[in-house]
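Use these hints to put chains A, X and C onto chain R, whose structure you have.
Protein chains in written order, with my numbering: chain R, 1 to 346; chain A, 1 to 346; chain X, 1 to 346; chain C, 1 to 346.
Hints listed in this document are in silico derivations from the structure and should not be mistaken for laboratory results. It is possible that part of the hints are untrue.
Since the list gives no way to pick out one identical chain from another, each pair is judged satisfied if it fits inside one copy or across any two copies.
Stated by the list, open to error - Below, simulated EDC-like cross-link-like pairs (lysine to aspartate or glutamate); rule was C-alpha separation at most 20 Å, straight line:
| no. | residue 1 | residue 2 |
| --- | --- | --- |
| 1 | Lys253 | Asp171 |
| 2 | Lys41 | Asp277 |
| 3 | Lys271 | Asp54 |
| 4 | Lys138 | Glu126 |
| 5 | Lys260 | Asp44 |
| 6 | Lys271 | Asp44 |
| 7 | Lys115 | Asp300 |
| 8 | Lys226 | Asp300 |
| 9 | Lys164 | Asp269 |
| 10 | Lys41 | Asp60 |
| 11 | Lys141 | Glu337 |
| 12 | Lys141 | Asp88 |
Since the model is a prediction, treat every value here as computed from it, not as a measurement.
Protein chains: 4
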Amino acid sequence: MIKVGIIGATGYAGAELVRILTGHPGAQIEWYGSRSYIDQKYADVYRNMFQIVDASCMDDNMEKLASLVDVIFTATPQGLCASLINEDILSKTKVIDLSADFRLKDVSVYEEWYKIEHKAPQFLEEAVYGLCEINREKVKKARLVANPGCYTTCSILTAYPLAKEGLIDMDSLIIDAKSGTSGAGRGAKLPNLFCEVNENIKAYGVASHRHTPEIEEQLGYAAGKKVTLSFTPHLVPMNRGILATEYACLTEKVTEEEIKAVYDKYYRDEKFVRVLDPGACPETKWVEGSNYVDIGFKIDPRTNRIIMMGAIDNLVKGAAGQAVQNMNLMFGKRESEGLELVPMFP
Amino acid sequence: MIKVGIIGATGYAGAELVRILTGHPGAQIEWYGSRSYIDQKYADVYRNMFQIVDASCMDDNMEKLASLVDVIFTATPQGLCASLINEDILSKTKVIDLSADFRLKDVSVYEEWYKIEHKAPQFLEEAVYGLCEINREKVKKARLVANPGCYTTCSILTAYPLAKEGLIDMDSLIIDAKSGTSGAGRGAKLPNLFCEVNENIKAYGVASHRHTPEIEEQLGYAAGKKVTLSFTPHLVPMNRGILATEYACLTEKVTEEEIKAVYDKYYRDEKFVRVLDPGACPETKWVEGSNYVDIGFKIDPRTNRIIMMGAIDNLVKGAAGQAVQNMNLMFGKRESEGLELVPMFP
Amino acid sequence: MIKVGIIGATGYAGAELVRILTGHPGAQIEWYGSRSYIDQKYADVYRNMFQIVDASCMDDNMEKLASLVDVIFTATPQGLCASLINEDILSKTKVIDLSADFRLKDVSVYEEWYKIEHKAPQFLEEAVYGLCEINREKVKKARLVANPGCYTTCSILTAYPLAKEGLIDMDSLIIDAKSGTSGAGRGAKLPNLFCEVNENIKAYGVASHRHTPEIEEQLGYAAGKKVTLSFTPHLVPMNRGILATEYACLTEKVTEEEIKAVYDKYYRDEKFVRVLDPGACPETKWVEGSNYVDIGFKIDPRTNRIIMMGAIDNLVKGAAGQAVQNMNLMFGKRESEGLELVPMFP
Amino acid sequence: MIKVGIIGATGYAGAELVRILTGHPGAQIEWYGSRSYIDQKYADVYRNMFQIVDASCMDDNMEKLASLVDVIFTATPQGLCASLINEDILSKTKVIDLSADFRLKDVSVYEEWYKIEHKAPQFLEEAVYGLCEINREKVKKARLVANPGCYTTCSILTAYPLAKEGLIDMDSLIIDAKSGTSGAGRGAKLPNLFCEVNENIKAYGVASHRHTPEIEEQLGYAAGKKVTLSFTPHLVPMNRGILATEYACLTEKVTEEEIKAVYDKYYRDEKFVRVLDPGACPETKWVEGSNYVDIGFKIDPRTNRIIMMGAIDNLVKGAAGQAVQNMNLMFGKRESEGLELVPMFP
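If we strip away everything but chain R, and leave its shape as in the complex, we get (with noise of 0.2 Å):
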């Protein structure tokens, strides 16, 4: 039984940790970090867990919590997990960090699209970018996972293989994604507010959003060459999902069928990615509360590109799902342990 900490487990990411690992036949966790929420019963925070979560709240003590569990995940702000880290708790415990902390190498860059300072870039090399379906291998064997964002997750997978086999022009590749507003998390902000939301979409962070260099880092290993693309994310009326679409030119003249081999290449063997049949696009809820990455393609002959679609459960797959998901890689369990969650409809 792996023993779990979560630091940040009140947010709407550390909450779904917490539904998913309370499902999971060999974890258990055994604190509920909450600097907000010190002492407080978690089952009072979230009342979804009324009778199935007994414990109360505690703080965000990374030392101590390190000898007390196998593995700490921390679903906190940017800046917390590097502020907390050391070699001390990295030689007691593996780490996975849901922040941003751990998934840029080059120092710079994070500094420069996060705007604080970095207190722990001698483990940016180590860190693994937790990936699953690209860095297997190397998670396995990590002691530091960096956990991807949501957008990001739904973005690389679903342009990976083309990126891979150079299918794609990457200068011409634009990324339109779409939110629901889980992802903004539970803080008690005037944007986040229902009648804000609701029956509403708009474009935020336009040319600017945190998540471009990740993906940008991402995709320049997979094409072999430096990438800048265009992301553009969009917040949507519903809870959970992000959907991604990609548009890229090609590079040289290919069919449907062509295209739905290079991504099977890829994806046959993963179990969290379903390429659909062609000419179908994904949608949001059929993966909701799933681990699923659902991927549909579109070549337009007359402007010869490809439209890409990727959909994810962006609390499942974009966080928690794939945290746990890399924990079991970390552990030697069987990677889809616990995940086997069968999207919900409607």
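Only chains A, X and C this time, still in chain R's reference frame:
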């Protein structure tokens, strides 16, 4: 391994049966019956099941099915199960009917409220009303279970202990219920279109909804006398969930602690009934995707009324989850097997 | 041209006043008061008003305002209007208070339910309760109007004719009300976040909501005796709209035609009250954006109860629209001037 | 007073025409055409119009109508207007067609994208494309106006000034559009059910949506050359609103101030186009219920792309509002008469 056949597998309740049974370790679906989609891949009708269910839809041949499976779920419109069922079928297999055909003991009440002739009244006496928390022992021995309605499950369980203990004046009982739109089914009807339901709330079936006599019959058994009550359903712009707000005059002077003790007496050991702490109001979102009933109450000394509130997921405890709970009982399984679904929030 | 000042122009009710008055041919807003946004452009706070309103927000200086405008609307939290108002102000300008400060005639009831001291009880007697359909003549002569609450407007108008005619047993009256989320205001509070409200319904303020004594007082005047009733509000995942479902025992044998005739007697000439044909149930969407109250009812002979239903837009007839209706009456304008808003569907 | 006839008055666009024209001081609806609801009271089909519209629905007799009214609006499926129109009708009355029948000048393009034969190609040359901001002078003299599509109105106006000035590389133009569900019409179809649309987002019509050639034709006129672009529509869980996010490479080095100046050059005097301050992103909610187009943009120096964003209410500026704007122009009225609709928020 229980072999399961579903008739009506492509309605919302049928689809929820598929979702739940797919994760049930002791059951296996052998037959996805759906007259409307015969020979189509089930996963083309419900794309959440892509790469999870490989089967195609079959017809509604109950005779044939009886020889193939251990239990048949009928998630079909009123009248269908009664028109197909017979002694031969029941001698070979168990039947759990999610329609109203066997819920009301009095055939004339059925025919009056449902406006159709009952084709199999000979099984009414044998049929067990499958509200597990109340009829557990009878369910265990049943061949034919009438799975309760969604509104009725929520309405009955919320008031049952107080009715049973004589603490509320049954003539004063008023149930004001609110339901998500999945309760209206997947039929392509104008009133169920997104733009008609969204940003809207309305009452419907006022003083005439078919779940009324079902609630009256069951609460009548509890109270030990004939009950006539007001029941008003409302349509709410959300997918899932039923909230029942119930008003009744108290028959004696009691405190909230005493009421809480009565609820605890009946539900303390019930895994799927969660009696909230006094003062807390149930919310449908906190039970979404799960088999829980959350119950709260408040005494209003100014009016000498008690306001009882109950919340369920209409597709789980109000339909498919309860049906599986019944199946577990009928086959001697652990009652909660396959039903330890943690509510999803948000 | 009536010169108007608004204190609290950046709450949802204040913003709706701005929307309505912007289209009012006989009124002009001179003062957009908002303590929170002083000196900011109003159109930066409410971007729907971009290029429509050019003004910036001002402070809450009621004294100064009294010399500048013909009427002051206070769309502010409880207690503010009472703390600012005085004889000098009322000698110079008219005041329409959208808060609860002057709705209840009995100061002790106010202080009991609102838990704050009343700072201007000397104006309680003079203040006119601005439910236009009932107090029209008094409103015309008023200096100070207490604009009714949203739930109360809907609840009172729905039951008023039957209460007045003695057709319902007032002790049996139960009001189960459902409101859109704009009623909770624009404050950045966790329970009002999109992800907490969406896909959810709950009761709140059970047996303790502050609109209860207001409804009781007004229906008490209608019935000619003290009324104590049950009132339960619910939060619905939609922006606008209130639906009140009201239950009461009939005091005599009447037909639906007779009830319809009673409603027509009171409301036939009321432009903003639409009594639906017997059997029709009001829906909030059908009045959205307008000043209408839609009323329907159904007699249940089984229980001898009548179920009355009323629907309004909480921000219009439940707040800003009614306030403008009061203004029109106070200034001798046509009552519907600027209020001929056609409901928007969908 | 302009006498108006509507064919297709019970679709969502037709109903919006009724809502707007009801408040138009210079027009009067004489004919509510609706094949599906002949002889039914219009207010029974759209209950928001109860006590506002007393008329019943009529058939689609365009010949007869031509003698009765000054202008006919056809808010009908593709092909109907073309199959009914003739010289005799156009000699008696003006026609504003909200379908696609007369939007594309090249009949073969129409037949290729719409898969139906064009029944009245002889009027294609005469028909004026009714995008008022661009074709104002032609509209004033037109007998037959082709009212633009909803996606197209938003897409074209957002890019028009930059296309016209040659500031964007038209071959690089990608339009990612998101629409509320009223755009799908009031037909009772499974994909438009509440439970299928709610909590969901998907792309549809990828690389094949019929609005594509319409956008290409109009932006081609602006750019002075043939344009081929990518256009992807998405379905969003909200009633109203379209947001178009448009990506294009800049043809020269320009600042945001220079781009703003270009937009202002074209739109400064346009009442219904609001160019937001640099950096601001349009949101559909801020234009809801109004005839506005809100436009924002952002230059991304990293990719040398400009991201342009436009928001409209698809039923107003995207359909009925623009149709009325065309009517005003055709009859010499003030262009904004009856269209000074203040956006409703929330």
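Verification of the supplied hints:
Taking identical chains as interchangeable, the C-alpha atoms of Lys253 and Asp171 lie at most 20 Å apart whether they share a chain (18 Å) or sit on different chains (18 Å). In the homo-oligomer, the alpha carbons of Lys41 and Asp277 lie at most 20 Å apart only across protomers (13 Å), although the nearest pairing inside one protomer, at 46 Å, exceeds that limit. When the C-alpha separation of Lys271 and Asp54 is checked against a cutoff of 20 Å, the pair qualifies only between copies, where the shortest distance is 15 Å, while the shortest distance within a copy is 33 Å. In this assembly of identical chains, the alpha carbons of Lys138 and Glu126 lie at most 20 Å apart only when taken from the same copy (10 Å versus 61 Å across copies).
For the homomeric pair Lys260 and Asp44, the shortest alpha-carbon distance between copies (18 Å) is at most 20 Å, but the shortest distance inside one copy (48 Å) is not. Taking identical chains as interchangeable, the C-alpha atoms of Lys271 and Asp44 lie at most 20 Å apart only when they sit on different chains, with a minimum of 19 Å there against 35 Å within one chain. Taking the shortest alpha-carbon separations for Lys115 and Asp300, only the inter-copy value of 19 Å comes in at or below 20 Å, while the best intra-copy value is 39 Å. When the C-alpha separation of Lys226 and Asp300 is checked against a cutoff of 20 Å, the pair qualifies only between copies, where the shortest distance is 17 Å, while the shortest distance within a copy is 26 Å.
Taking CA atoms no more than 20 Å apart as the test, Lys164 paired with Asp269 passes inside one copy only; the shortest distance there is 17 Å, against 50 Å between copies. With identical chains, the CA atoms of Lys41 and Asp60 are at most 20 Å apart within one copy only, with a shortest distance of 16 Å there and 42 Å across copies. In the homo-oligomer, the alpha carbons of Lys141 and Glu337 lie at most 20 Å apart inside one protomer (18 Å), although the nearest pairing across protomers, at 35 Å, exceeds that limit. Taking CA atoms no more than 20 Å apart as the test, Lys141 paired with Asp88 passes inside one copy only; the shortest distance there is 18 Å, against 60 Å between copies.
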